[in-house]
Amino acid sequence: MTENAPLLEMKGIRKDFFGNQVLTDIHLSLKEGEVLGLVGENGAGKSTLMKILFGMNVIAETGGYDGDILLNGEKVRFGSPFDALAAGIGMVHQEFSLIPGFTATENILLNREPRHKAGVVSQIFGERLETLDRKKMQDQAASAIQRMGIRIDPDMVISDMPIGHKQFTEIARELSKDQLRLLILDEPTAVLTEKEAEALLASIRGMAASGIAVIFITHRLQEILDVCDRVLVMRDGYAVQDVPAARTSIPEITKWMVGRSVDTSASARADEQLETGRVIMSISRLWVDMAGETVRDVSLDVYEGEILGIGGLAGQGKLGIPNGVMGLYEAGGSVTFDEKPIPLNQPRSCLDASIAFVSEDRRGVGLLLDESLEWNIAFPPMQIQNKFLKSYLGGLIKWRDEAAIREVTSRYVDSLQIRCTGTRQKAKELSGGNQQKVCLAKAFALEPRFLFVSEPTRGIDVGAKELVLNALKRFNREHGVTVVMISSELEELRQICDRIAIVSGGRIAGILPATRSSEEFGMLMVSQVK
Amino acid sequence: MSENVWTSKSLSDRLRGAVASFGLPRLIIAGFLLLLFIMAPFVGVNFFTQITNTLNRFSWNAVMVLAMVPMVHSGCGLNFGLPLGIVSGLLGATMSIEFGFTGAMSFVMAIVLATPFAVVLGLGYGWLLNRIKGGEMMIATYVGFSAVAFMCILWLLLPFKSPNMVWGLAGKGLRTTISLEGYYDKVLANFLQVRIGDLVIPGGTILFFALLAFAMWAFLHTKTGTAMTAVGSNPTFARASGINIDKIRILSVVMSTWLAAVGILVYQQGFGFVQLYMAPFYMALPAVSAILIGGATVNKASITNVVIGTFLFQGIVTMTPTVMNSMIHMDMSEVIRIIVSNGMILYALTRKSEAIR
Ligand SMILES: Nc1ncnc2c1ncn2[C@@H]1O[C@H](COP(=O)(O)OP(=O)(O)OP(=O)(O)O)[C@@H](O)[C@H]1O
Ligand SMILES: [Mg+2]
Chain P
7 MTENAPLLEM KGIRKDFFGN QVLTDIHLSL KEGEVLGLVG ENGAGKSTLM
57 KILFGMNVIA ETGGYDGDIL LNGEKVRFGS PFDALAAGIG MVHQEFSLIP
107 GFTATENILL NREPRHKAGV VSQIFGERLE TLDRKKMQDQ AASAIQRMGI
157 RIDPDMVISD MPIGHKQFTE IARELSKDQL RLLILDEPTA VLTEKEAEAL
207 LASIRGMAAS GIAVIFITHR LQEILDVCDR VLVMRDGYAV QDVPAARTSI
257 PEITKWMVGR SVDTSASARA DEQLETGRVI MSISRLWVDM AGETVRDVSL
307 DVYEGEILGI GGLAGQGKLG IPNGVMGLYE AGGSVTFDEK PIPLNQPRSC
357 LDASIAFVSE DRRGVGLLLD ESLEWNIAFP PMQIQNKFLK SYLGGLIKWR
407 DEAAIREVTS RYVDSLQIRC TGTRQKAKEL SGGNQQKVCL AKAFALEPRF
457 LFVSEPTRGI DVGAKELVLN ALKRFNREHG VTVVMISSEL EELRQICDRI
507 AIVSGGRIAG ILPATRSSEE FGMLMVSQVK
Chain W
3 MSENVWTSKS LSDRLRGAVA SFGLPRLIIA GFLLLLFIMA PFVGVNFFTQ
53 ITNTLNRFSW NAVMVLAMVP MVHSGCGLNF GLPLGIVSGL LGATMSIEFG
103 FTGAMSFVMA IVLATPFAVV LGLGYGWLLN RIKGGEMMIA TYVGFSAVAF
153 MCILWLLLPF KSPNMVWGLA GKGLRTTISL EGYYDKVLAN FLQVRIGDLV
203 IPGGTILFFA LLAFAMWAFL HTKTGTAMTA VGSNPTFARA SGINIDKIRI
253 LSVVMSTWLA AVGILVYQQG FGFVQLYMAP FYMALPAVSA ILIGGATVNK
303 ASITNVVIGT FLFQGIVTMT PTVMNSMIHM DMSEVIRIIV SNGMILYALT
353 RKSEAIR
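Protein chains in written order, with my numbering: chain P, 7 to 536; chain W, 3 to 359.
Please keep in mind that the hints were generated in silico from the structure rather than gathered at the bench. Computed from a prediction, not measured in an experiment: that's the story for all the values here. No residue lacks a Cβ here, since even glycine has one placed at the ideal position from N, Cα and C. Treat the hints with care, as some may be off.
Unchecked claim - Residues from chain P that face chain W, not an exhaustive set, calculated with beta carbons under 10 Å: (1) Y309; (2) M332; (3) A384; (4) A409.
Work out the full structure: start from the sequences and follow the hints.
Here you go:
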């Protein structure tokens, strides 16, 4: 082992996906206990760089990479994540890597479970047959969750969890590792509210103090300034800046990221008098059985043409509302739209009434990962509204109109600036933020009268966030679409909403105009927490 | 902004990419088949007769392989329950003969009579598969076994009378093999037959398959076909887009069962016999492995996969016995067939499936 060598060095890293160059000559070095912020636009190559470092299989399957990785001055080349783990590297993935059928505890301690003292069976057949010490597992998992400063149910099965809880489970899994030397966090705060993110930032600081190096990817630049020692800015696969965090600012970072200035000052809307017109959707006594986001009793009126925000802490039920109304989770109560009752538990009834939904769970619900962008965007309008079809034999045969599909897809690729190699690229090959844009395009293509958007800017970079929020605003103003936006980011809600409802304990804690102070919203958020 | 930088790649890199996209097992099997074709003339086997045999067997089997496509698309996996459809086809065949149809008409009527059985059995089978989402292929295998076992009893008990079909002495109970002479033996094969020297192409049979394959291709380009693919690709996405998943899955099972019924009739007209009792039992595995050799996975399959796979699989099955036997004077054909078909299925099932959610 070389003395004084940095903990991690990456030298001249290059990577292409079948000719599409996504990383060019990246250099990076990291000392023990140092926190490095990694920022860049959607598709800049951040996740790819981290996947290379962590030895993920996709990299080898797509032709490997060029360049060297050195740990403590020694060259390493991880063949799989197991090698990386053994070397003391942990990673929290942007798209979670948890086992769906296992509980939080089991996932957190997977492969590192405390075992009972060897019994007869395991002495004969080896340690693979030792029995697990369930009691000790519970304790260890609980303490890892505790350390994160957030409450989740250790016994809940992953597949029942809302995305926020999956994120916490992933983080807790990494935090509970003793031999950890380097932790990679790929957008861990994307689905967290500010308060929850703060708790996480505090635990990052704690880790750094104990000598663990951290690479932290986020699109919330304030977090970078709050917790990082250094910032590495990436653009189009190049590392364009590497500076101490103390010597830079948000506008400067933004400029390096996108190559132009972006106005990020979250200006709350001017208090224009709302003509609280006609009620277009009336929800009454809604309950939704969505594990981890249970809605107990929600009554809510939405006015035609407004943008209504729904905020609240993770797990309080804000995500349950759209999922219940849209029929994706079992729900009860009554919902009327345009004075007609909407039967619950049937996704089709909402869609036929011209209500669309952008789900927060983009990989599970939002995308056909194995299909092209064209299919992803055109599929719902095709099935629900018979768009993009050519009719033959008096409507007996409805043939896919490939030209129209390509046309609409490239229109949205342009207007939302989706970064792809073409409209035929598979959705799974896009970066996280660009996948999110595809989900939005899919809903826009339905041209609905009413739109639920759940965490619309999850994982979207600062520049594109403006774009997405403006697109929503334009949609609302120009086409008269009523928008209900659910988000963990209060500032974002205040930026474009007319009114904001805060959900707490599965109920509406209060509805305020967006111009009220954040303290008032903060009070509501914790008012009925269960 | 993000132009594609197509860096120039070395030839070996490109070759490796081609191998990866074509699939190593498929490459090995194609290579083996090519070797057999090259060796044929040297060991004194007539090359054109071999091609003719391969084409014949291709034309008999292709429809049954095509039957795999709809269920793979809808996410029900490989149809190991193929015998259920085959049994429907057999019912159609025996009833058509019993009712006294002959010649080409008996073939048409066999399809017509098989259809209601295929539809009803398919509906029930689809309903069953909808109860056990995730374990489809296991239950499908079980359904296939049960269908064959159950029909073994029925073949004996059903009141068939035609002297061409029942046991001569007893005067009742169907025979294990029934000759199709005078019925639809080679009706498709002899229609539009092309002869070039020793090479004989069963034009009618291939055309019949081509029509069905075209219909399937066209179906997959319609609104419902698109929904079927989406259901297989991500059922939650499809449900959130207002698709009735269960209905689409049942439709795919009915289509697959009907194609299997037609498939066995096409096979019989080429082979010249109706085989009852345990015969349907042995039909599913070759069809499954053929489509896998063609490059399909558990959740993606195309018409091209069907054509390439059937050709490669049947090519191996026909070529190995003749070529190998003339070379080493030992019957290796059965061994090779078993290794190829089972090996392929094992390979496909253990391979990481494309869509992991
Ligand atoms: N498996 C893949 N196949 C082909 N291209 C890929 C694949 N994975 C990523 N890419 C491409 O690599 C580029 C970089 O993607 P990456 O996921 O690293 O971006 P990112 O910086 O993490 O963006 P985001 O902020 O949106 O998460 C993108 O253009 C993406 O389309
Ligand atoms: Mg990323």
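Against the structure shown, which of the earlier numbered hints fail to hold, in ascending order? 1, 4
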